[in-house]
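Got chain A; can you put chains B and C on it based on the hints?
If you're matching them up, the sequences are chains A, B and C in order.
The opening position of the first sequence corresponds to residue 1 in this note's numbering, with each subsequent residue numbered one higher.
The opening position of the second sequence corresponds to residue 1 in this note's numbering, with each subsequent residue numbered one higher.
The opening position of the third sequence corresponds to residue 1 in this note's numbering, with each subsequent residue numbered one higher.
If you're looking for bench data, these hints aren't it; they were derived computationally from the structure.
The model shown is predicted, which means the values in this text are computed figures rather than measured ones.
Just so you know, even glycine gets a beta-carbon here, dropped at the ideal spot from N, CA and C.
Hints are not guaranteed to be accurate.
What the hints assert, rightly or not - Label pairs and their calculated CB-CB ranges:
| id | chain 1 | residue 1 | chain 2 | residue 2 | range |
| --- | --- | --- | --- | --- | --- |
| 1 | C | Gly61 | A | Val317 | 56 to 66 Å |
| 2 | C | Ser15 | A | Leu266 | 28 to 38 Å |
| 3 | B | Ser192 | C | Ser15 | 31 to 41 Å |
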Amino acid sequence: MLSFFLKRLAVVVPTFLGVTLITFSLIRLAPGDPVELLAGERGIDPARHAQMRAELGLDQPLAVQYGRYVWQLVHGDLGHSIVSKETVLSEFLTLFPETIELAVCAVTFAVVFGLPAGVIAATRRGTAVDHTIIGVSLTGYSMPLFWWALLLIMLCSVTLGLTPVSGRISVIYYFEPVTGFMLIDSWISGQVGAFASAVRHLALPTVVLGTIPLAAVARMTRSAMLEALGQDYVRAARARGVPKFQLMTVHALRNALIPVVTVIGLQIGVLLSGAILTETIFSWPGIGKWLIDSIARRDYPAVQGGVLLVAAVVITVNLLIDLLYGWVNPRIRHAR
Amino acid sequence: MRGKPVAIPLPRLGGPLARFWTDFRDNRGAVAGLMVIVVIVFTAIFADGLAPHPPNQQFRDALLVPPFWQAGGSLKFPLGTDDIGRDMLSRIIFGARLSLLVGATVVTLSLLVGVTLGLVAGYFRGVVDVAIMRLMDILLALPSLLLAIVIVAILEPGLLNAVLAVAIVVLPQYARLARAAVISELPKDYVSAAKVNGASPLRFMVITLLPNCAPPLIVQASLGFSTAILDAAALGFLGLGAQPPTPEWGTMLANALQFIVRAWWVVTFPGIAILITVLAFNLLGDGLRDALDPKLKR
Amino acid sequence: MPLLDIADLNVSFTSRSGVFPAVEGFSLTVEAGEAVGIVGESGAGKSVAMLAAMGLIEPPGRVSARQMMFNGVDLARTEPATRRRVIGKDIAMVFQEPASNLDPCYSIGFHIMETLRVHNFGHRAARRERAIEVARQVGFPPARLDAFPHQLSGGMAQRAMIAMAIACRPKLLIADEPTTVLDVSVQAQIIALLLALRRTQGMALILITHDMGVVAEAVERVVVLYAGEVCEQADTDRLLRAPCHPYTHALLAALPERNFGTGPLPAIPGAVPGGGDRPEGCLFHPRCVYAVERCQREAPALRPLEGGLVRCHFPVKNG
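Chain A extracted, bound-state conformation (with noise of 0.2 Å):
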C-alpha cells in the first residue's frame, strides 16, 4: 500500500511542476504586455515601465523568471488580484469553501441517486425498468450543464416557484462566516429559516452539477455489477446458501464498488468544469465563477494563481481516490 502510493505521489510531483510552466507561460503567452497585463493598467509611462519591468523581473532571462515564479509559489506568494489588490491565496481560500460545498453535494447526490439506480438496472436486466435506467442515464450524461440550468430554473423556479434564481442564501440572513460553509454556519447561526433558505438555494445547482456525475456513476454501477454477477464467487456464495440481498450488496455490490470508486475519482475533473458552468448560471460565489470573471475583467495574475490552485486540487484529489481506490481494492491494500 505504501509503494503503491509512493508511486503515485512520484508522478504527481512532476506533473504539478508540468503545470506551474503553463500558468508561468500563461502572462507570456496572453496577448499585450506582460508588463501591463501584471499591473492591470495601459499606457504606463516608459520610465515607470522599465522600472516596473525590473522590479516584477520581466527583464531576466526565461529560466531565471521560473525559477523565481516556482520560489514564491513555494513560500505561498501568488501574486495579488489586480481588482481587489487582495493575494491571490486568500481569495482563493475564501470562495473555495462556496465550490466544496456545492460539489460534496453534488457528488453525494450522485452517489445517493446513481449506486442504486445502477443496482437495480443490474438486477432487474433487460426488463423496462432497466431499460428506462439506461436511458435516462445515458440522457443525463449527454446533457449540456447550462441548459439543464436554464431548463430547471424555468421549471422549479419561474413556474412553479419552487427555488430561487441565483446567490448562496437570502439576503434577509446575515452572520459571520465561521467554517465558510453555508450550511453549517446557516445551521449554527441559529437564525429561524436561515438553514432552510441555504437548502433552497443549494438544492438545483446541486442537481445540476450533479447530473453527470450520476449517470457516470449509474451506468458504471450497472456494468461492473452485471460483471460481478456474472462472477464464479457470486455463484459459489449461492451454493453456500448466500440469500440475494446478501449476494447483491455484500458480495457483488461491494466488488463493483472498484471501478465506481474509479470513476467517481475521473469526475473531479469533469466537477470543476461543471462547477464553472453552475457557478456562473446561478451567481455561485465559489472559483469557478471567480475563474470565469478574473478572465472577464482579464485579472491575469488571479487567473494564473486560481488555474494552478485548481490543478493542485485536482491532483490532490485524484491522489485521494488512488489511496481509497487501494482501500477498497484488496489486490492492492494487502499486495502479496
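Positioned in the frame of chain A, the structure of chains B and C alone reads:
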C-alpha cells in the same frame, strides 16, 4: 411439385466487418443514434434549402414570436423568433452545420495529433514516452473546460480558437488509448514478423500497428464528437466560443437567462438540439463499443 | 430411503440458435455416507446436473425433474427460501477453480464465518471457534484465516473452499473436479483430504471428475454421462473391470496407465455432440466402433445389466 416454402437462412459472412455489422444492427439504441446522425448531417448539408429564412435575417415586426401552436404564433416562424426577430428554426438548422463542423474538426485534429503522440510514446518508450505521457498528465490535471477557457482567453475568443482549445483538451484520451494499444500489440507475433522483414518504424506503425489498434480509437472518436459539441457549446454559452450573431447553439443560449420568464422557446430549442445531437453520438459510441470490443460483449 | 434421489432431471439452455439440452433424463440415487463418481468428457453435463441439484442454474437455463428428494424434502418442489436453508448447510459444493470461486474482497475467515452465519450457527465467538476448527480439519493454517484469496496458492485456496463446504457439517458434499486446475502434487493431497473427511464426518460424496484413476481410488459407484444422458452406471470395480457401454469401454481404453508402452493412445474419434448437431438414434453412434444401422434409428433405453444400468442396444460382452 411444390413444397412448402423453406426459409433459407441468410449466409453469415465470416469477415470481421460482417460480424461487426450483425452485432451493431442488433443494438437498437445505436441504430437509432446512427439514424439521427444521418438526419442531422442531411440537415446540415441542405441547411440553405431547408431553413425557411436566412439565419441572421431580423424581422423587426416579429420580436419574440412564440412557436406556431401557441397563441400569437404563426407557421411563418414554426419555432418562434428571438429577441431581435430572427427565426429560431432557421438558426437551429444552420447551427447543425456549425456543430457538426466543430465536432468533425475537433475529432480529426485530436485524433491525428493524439494518435501520433500515443504511437510514438508507445513505440519508442523510454524518455520520449515519459515526456509525452507526463505532458498528457498535465493536461489532465486541469478541468477540461477551465483549460479550454484559458486557451481561448490567451488566443482571443472565437469559434476557431474554441475548436483548437477543445481539440487540445481531449488530446490525452487519444494519446493514452493509442499508447496502450501499441504496448499491448508490440509483443505479438505479427509485429516481430514485420520487424524481421525490415519495415521502417514509420511505415510499420502506420500500416501494421495502427489498424490493429483501431477499435478503441473508433469508439473514442465517436464519443469525442459529443464531447466536442458539448464543450464548444459551453464555450459559446460563456461568450468565449462562436461570437454573435453566429447561429451556434451554445452562443444562442448565451443571454437566454433573461428570457426564461418571457420566452421559453428561446431557451428550450437550442438546448434540445444540442442534447439530441450529443445523445445520438453517445448512443452510436456505445453501440460501436459493444460491437467492436469482444471483452464487453455479453 | 436414499439420502439423495434425483429422478428424470432435465436441464436445457435456450439461446438465439435454439434450445440446447444439457442434461436429459438424469437419475441418481446416493445413500447416506456413500461415495459416487460422475465421469464423462467436458460438456457431458456432469457439472450442470449437479448445479441443477443445488438450484444454481439461472435463466436462460431451465430445470425440470420428476423429483429431487434430499433427506425427505423434494428440492424440485420446495420454496426457494426453504431450499436455500438446505443449500450450503446439508448439501455443500466444492468447485473446480478455487481462485475464482473466492470473493477477492474478503478474507478466508469471512467466507467461512459468512457460511456459518447464513445458517444460524451460534454466536460470533462460536462461529470464530468453528472456523478455526474446520481450518485445522482441512489442513489450512488458522493463522492464515485473515489472508485474502489472492494471497493463497491454488492448493491452499482449495483447502479453504473445502473448509467452507464442511463448516456446517453437510450430509452430502459435491466436489466438481476439485483438482483439475491444481498442480499434480497437490491433486493427490486434496483427494486424500476429501476421502478422509468423508470417513470422519460420515458425509456422502459426489465426485465429478474425468480422471478414472481418481474414480478407482475414491468412489464405490460410478455414473458415466455422455451428451447429457447417463450411458452407464455400475459399481466401481465392475465398471473398471468389465465396462458394458462402448463409450465407457473407449474411455478406459484411452487411459494412459492401461496402455503403458503399447504405442499411441487410442483416442475416441470425434467430439461430444453440442446444441445443433445431436444425432438421431443413439447419441454415441457416430463415434461408436460397434454401431450398426439400428443405432442410427432407435435411441436405446437405460436398462439393467450385470448389476448396473446401461444405455446400449449391443452392450460390450466381457470375458
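Results for each hint:
1. Gly61(C) / Val317(A): 56 to 66 Å: Violated, at about 45 Å.
2. Ser15(C) / Leu266(A): 28 to 38 Å: 36 Å, holds
3. Ser192(B) / Ser15(C): 31 to 41 Å: 39 Å, holds
Comparing the model with each numbered hint stated earlier shows that hint 1 is the single one that does not hold.
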